[in-house]
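Residue numbers (the numbering used here), protein chains in the order written: chain E, 1 to 96; chain Z, 1 to 885.
The set of hints was computed from the structure by calculation and includes no laboratory data.
Hints may contain errors.
27 Å max Cα-Cα, derived DSS-like pairs, lysine-lysine [what the hints assert, rightly or not]:
(1) E/Lys19 <-> E/Lys81
(2) E/Lys19 <-> Z/Lys42
(3) E/Lys19 <-> E/Lys32
(4) E/Lys32 <-> Z/Lys12
Chain Z residues, not near chain E, derived (Cβ > 10 Å throughout) [unchecked claim]:
(5) Met115
(6) Arg221
(7) Val225
(8) Arg376
(9) Phe445
(10) Lys806
(11) Pro878
Predicted model, so just to flag it, every value in this text is computed and none were measured.
Positions of the beta carbon are idealized from the N, C-alpha and C atoms, including for glycine.
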Amino acid sequence: QEQHGYGIMQDVLERTEGKVRLWPATLYGTLKRMIEEELIEESDERPAPELDDARRRYYRLTKFGQQVIEAEIDRLKDLVKAVQSKRRVPKREATS
Amino acid sequence: MKTETILRLYRKFTHALPEEFRRRHGPEMTEAAEDLVRYTAKRRTPGALVAVVLRLFADLFWRIPIEHAAEFRQNAHYGARMLTKSPGFTLASVISLGIGIGLTVSTFSQLELMMRPVPQVEDAAALVSINERVSYPDYEYLRDGSGLFKSVAAYMPLVPLVVSKDGEARRFWGHIVSSNYFPVLGTKPLLGRAFLEEDFRADASPVVFMSHRMWENRFGRDPAVVGKAISINGHRAAIAGIGPEDFLGAAPLREAADLWIPTSTAAFMAPEAGRERLHDRKAAAFSIIGRLSDGIRTDEAEAKLDTILRKHDDAPQDPAEIIGRGLFIMPADRLFPVSDDELPILIGLPAGIVGLSLWIACSNVGTLLLARGGPRQKEIAIRLAMGASRSRIIRQLVTESLMLASLGGVVGWLFAVWSNSTMDWLKPMIPDFMHVELRLDWRAFVFAAAVTGISALLFGLAPALQAARRDVVPGLKSGEWFESKRFRWFSSRNLLVLQQVAGSLMLLLITGFVVLGFERTRSLDLGFDPANLHMASIDPVRNGYSVERAQEMLESLPDRMKRIPGIEEATLTHKVPLGLYSDDTAYTVKTSAYDTSMMLTLRIERVGIGFLDTVGVPMLRGRSFQRADESDDARVLIINETMATKTWPGEDPIGRQVEIEGAQHTVVGMTKDFRSGAVLEPPRPGAFLPMKAKDIARPSHQGVTLLVRAKPGVDAAAAIRNEMRAIDPALTVFNVSSLREEVAALMYVMRLATYVYGGIGLFGLILAVVGLGGVTAYSVTLRTREIGIRMALGAQRVDVLRLVLKEGFLLVVAGTVIGHASAWGAMRALGSFFEALTTVTKTSTSDPLLVIGAPVLLAALTMVACYLPARRATRIDPLVSLRQE
Numbered sequence: 001q002e003q004h005g006y007g008i009m010q011d012v013l014e015r016t017e018g019k020v021r022l023w024p025a026t027l028y029g030t031l032k033r034m035i036e037e038e039l040i041e042e043s044d045e046r047p048a049p050e051l052d053d054a055r056r057r058y059y060r061l062t063k064f065g066q067q068v069i070e071a072e073i074d075r076l077k078d079l080v081k082a083v084q085s086k087r088r089v090p091k092r093e094a095t096s
Numbered sequence: 001m002k003t004e005t006i007l008r009l010y011r012k013f014t015h016a017l018p019e020e021f022r023r024r025h026g027p028e029m030t031e032a033a034e035d036l037v038r039y040t041a042k043r044r045t046p047g048a049l050v051a052v053v054l055r056l057f058a059d060l061f062w063r064i065p066i067e068h069a070a071e072f073r074q075n076a077h078y079g080a081r082m083l084t085k086s087p088g089f090t091l092a093s094v095i096s097l098g099i100g101i102g103l104t105v106s107t108f109s110q111l112e113l114m115m116r117p118v119p120q121v122e123d124a125a126a127l128v129s130i131n132e133r134v135s136y137p138d139y140e141y142l143r144d145g146s147g148l149f150k151s152v153a154a155y156m157p158l159v160p161l162v163v164s165k166d167g168e169a170r171r172f173w174g175h176i177v178s179s180n181y182f183p184v185l186g187t188k189p190l191l192g193r194a195f196l197e198e199d200f201r202a203d204a205s206p207v208v209f210m211s212h213r214m215w216e217n218r219f220g221r222d223p224a225v226v227g228k229a230i231s232i233n234g235h236r237a238a239i240a241g242i243g244p245e246d247f248l249g250a251a252p253l254r255e256a257a258d259l260w261i262p263t264s265t266a267a268f269m270a271p272e273a274g275r276e277r278l279h280d281r282k283a284a285a286f287s288i289i290g291r292l293s294d295g296i297r298t299d300e301a302e303a304k305l306d307t308i309l310r311k312h313d314d315a316p317q318d319p320a321e322i323i324g325r326g327l328f329i330m331p332a333d334r335l336f337p338v339s340d341d342e343l344p345i346l347i348g349l350p351a352g353i354v355g356l357s358l359w360i361a362c363s364n365v366g367t368l369l370l371a372r373g374g375p376r377q378k379e380i381a382i383r384l385a386m387g388a389s390r391s392r393i394i395r396q397l398v399t400e401s402l403m404l405a406s407l408g409g410v411v412g413w414l415f416a417v418w419s420n421s422t423m424d425w426l427k428p429m430i431p432d433f434m435h436v437e438l439r440l441d442w443r444a445f446v447f448a449a450a451v452t453g454i455s456a457l458l459f460g461l462a463p464a465l466q467a468a469r470r471d472v473v474p475g476l477k478s479g480e481w482f483e484s485k486r487f488r489w490f491s492s493r494n495l496l497v498l499q500q501v502a503g504s505l506m507l508l509l510i511t512g513f514v515v516l517g518f519e520r521t522r523s524l525d526l527g528f529d530p531a532n533l534h535m536a537s538i539d540p541v542r543n544g545y546s547v548e549r550a551q552e553m554l555e556s557l558p559d560r561m562k563r564i565p566g567i568e569e570a571t572l573t574h575k576v577p578l579g580l581y582s583d584d585t586a587y588t589v590k591t592s593a594y595d596t597s598m599m600l601t602l603r604i605e606r607v608g609i610g611f612l613d614t615v616g617v618p619m620l621r622g623r624s625f626q627r628a629d630e631s632d633d634a635r636v637l638i639i640n641e642t643m644a645t646k647t648w649p650g651e652d653p654i655g656r657q658v659e660i661e662g663a664q665h666t667v668v669g670m671t672k673d674f675r676s677g678a679v680l681e682p683p684r685p686g687a688f689l690p691m692k693a694k695d696i697a698r699p700s701h702q703g704v705t706l707l708v709r710a711k712p713g714v715d716a717a718a719a720i721r722n723e724m725r726a727i728d729p730a731l732t733v734f735n736v737s738s739l740r741e742e743v744a745a746l747m748y749v750m751r752l753a754t755y756v757y758g759g760i761g762l763f764g765l766i767l768a769v770v771g772l773g774g775v776t777a778y779s780v781t782l783r784t785r786e787i788g789i790r791m792a793l794g795a796q797r798v799d800v801l802r803l804v805l806k807e808g809f810l811l812v813v814a815g816t817v818i819g820h821a822s823a824w825g826a827m828r829a830l831g832s833f834f835e836a837l838t839t840v841t842k843t844s845t846s847d848p849l850l851v852i853g854a855p856v857l858l859a860a861l862t863m864v865a866c867y868l869p870a871r872r873a874t875r876i877d878p879l880v881s882l883r884q885e
């Protein structure tokens, strides 16, 4: 799904309940690097003109970016699993 | 502050971000910042707004260097790819820069060493000395009556002193000094005291001042030794004080001392400084060190000095009667005894040659970068068309140039480290004990790196500046610009090549001349044959022998040696032949010719009977010494050819009179010139005197040297040692060596200089070849289409070859003419040095080997360098080259 820079900023702020704010320079620096690494790409599709701002650029995940996310999710899951089994923490306590 | 002002400021600061980042994300970024600031200003407290604004700016400032570093990384990555894509270009540039920087650094490091001041001396810059030694009465006169010096001291350098400790006797060098020696130098003792006026009274108890080095090596840095007595030449003397670290006297390289004794102590302690010597006006044994009076210039002092001393010495007053005697004031501030007159030679020549090499290296990299800039214009045009900003392209090229320069710097530093460790031509002249370490001169490195870096930068930018001036479309079409392809003499490229060829030739001619000169010096006629000649020194008087016993032993020594199988000849001499710092005792003597008396400086060697036969110095006239000549009342001498031609030109010198130390001597023979000291020196008047009993009683600082000529293959050194042990095992034998080795040591500097200058000349040659080859290659690339058209119209390969080679040839011819002229000018500018070299080596600056050989060699090699790209031009396929349209 396409998203523009400021939208990403808001999105992250909401999802982390205000804990993580991406400041503009850092955000766009990160976006630039992700484009260079081909994790995201610029999208030509733009919303209806009344919702749009000419200055905005829209980004979407590439196929490769999607794969990287899934791989990353798996990796984190495995990591959590590994830590839990090692510490022999009962699942109930860990989730509660 | 209003939110609008804050946002304006924010927008302004985003301009510090790299241009590409700003163009791509700038508007969005500022929009996001605007939304955030406006939202916070409307909905939240002023405190929250301040916090948000601070974080916003912190975020921006944090990001700016990161984004620049990212861009630099990208540029460097791209640059590295470009450099590895043309390895020939990269290698040639890096080697050029590296050798240029390395040569500069290593040369200046060595020059810095030469210019270092004498250690542990106060205000060394003001110290002066006199080139010749003077008598003690002359010194007293200079000190009290001349008004030339603010303060002045005298010392008799290199007096051997045998120090006995725990039953073991060892020789050390000492100075016999006047009372104000330490005050004039301004040297403060580390322990104890310097000499006092009382120490110089005739009835004073003997004292000695010791070097830090001797205190460390012989006395284990024991502070309690101060005030204790040690045995010197069999007499007791109390240690007055210990010198500061590294202090070895006023001239530590030529005359390093470990012990200093007052003239009063020396009077009975050292055979060379008997009390009568202090009053003998003819005994020129003292070196002078002092500081000139305020307002007296060196040349004034020099002019007065000679008059003053002549008046004092009752010498002829008419300067016209004085031949070959010149007194000079020399600066005594430097570790290496370099006079201001010698500076242009010692510093100017290497500095000039290195500067020239650096210049050639720079212009070489310039030509290479320009040559590469041509083909790169297509690439630049593409990047410009793809939306890269011109400033980005410039930054890219700057990055590449800096990478080249840094690689060159690294190579240069390594080169300097290597050359300083292997070609350290000063090392053999520095005694092992001196704490003089060659330091790589970082100032020279910064200078050389800056010069090469800036030129790499300027030339590296040329394609970008050209691209910035023009339309991108033609560049995209064919990779070349439509410009006049006619041969233009004054295009920047041709001028660059021209001065490069000229500079290389100049370098080749000058270094070639020096190399040829040194090379010939090595095969110079020494006046004798060093093969199978061996030497060993003994010093029986300082070893405790009485004069009579020493004389008796020395008299029979040559005959004892000759009885050993394998030894053909044996003789004695007062000094070591060919020593690098051998003490060339000069005497001012009076002679008469045409009924007028003249003075001249004569180098005198006192030798035993059979010296001339043993060493093989050919007699030209008269006879050699006989036993009767050794008696005290016999006064004869044998002179050399130069002395004869200087004093009695065209006449027979036999039977003439020469006044030496006040006594008339008769010339009984004349020999060929005999080279005993420095090699780079024209032959000087010299004479031999027979060695007499008084010479044995007062031996030179090298004792008495035995010279033997052995049959080839005989181990003469072992034979000498065995024989000496048989005579007296207690006798110390030193200076055991062969004359071959001595000659080799003397020639070592020459040989090294030959290699160094030869290497630099070769380097200039390589640079010229690489540079011209690169430019021809570039020119061929530029003219590909023109050549294609010519070939399509029926031009033959040989025509194309001629077309391309003609340009290179014209440049080489013009460069040769300019190079010759400038080399000639440079050699004139360094006239005195080249004059000395030409006189001694009989090498002419118009030597055909140089004048014709050097340009022919250069032209041949550069034409080969032109031929390779020219041949490539003949392979151009007209179809391919024209299709580019």
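- Message: Is the claim that Z/Arg221 lies outside the interface with chain E correct, judged by CB distances over 10 Å?
- Response: holds (63 Å)
- Separation of Z/Arg376 from chain E, once the least beta-carbon distance is taken, above 10 Å: holds (24 Å)
- Query: Are E/Lys19 and Z/Lys42 close enough, with their CA atoms no more than 27 Å apart?
  - Reply: Given pair E/Lys19, Z/Lys42 holds - Cα atoms ~21 Å apart, limit 27 Å.
- Query: Per the stated criterion, does the least C-beta distance between Z/Lys806 and chain E lie above 10 Å, as a non-interface residue requires?
  - Reply: Given that every Cβ of chain E is farther than 10 Å from that of Z/Lys806, nearest at about 50 Å, it holds.
- Any Cβ of chain E at or closer than 10 Å to Z/Pro878, or is the non-interface label fine? Holds: least Cβ distance 44 Å, greater than 10 Å.
- If you draw a straight line from the CA of E/Lys32 to the CA of Z/Lys12, is it 27 Å or shorter? holds (21 Å)
- Query: Is it correct that the beta-carbon of Z/Val225 has no partner in chain E closer than or equal to 10 Å?
  - Reply: Z/Val225 is indeed farther than 10 Å from all Cβ atoms of chain E, at 72 Å.
- Query: Keeping to a limit of 27 Å between CA atoms, is the pair of E/Lys19 and E/Lys32 held or broken?
  - Reply: holds (23 Å)
- Satisfaction of hint between E/Lys81 and E/Lys19, Cα-Cα up to 27 Å: holds (26 Å)
- Task: Could you check that no beta carbon of chain E comes within 10 Å of the beta carbon of Z/Phe445?
- Result: At about 37 Å from chain E, Z/Phe445 clears the 10 Å cut-off, so the statement holds.
- Checking the smallest CB distance to chain E, is Z/Met115 really beyond 10 Å? holds (53 Å)
The structure fails none of the hints (numbered hints given earlier).
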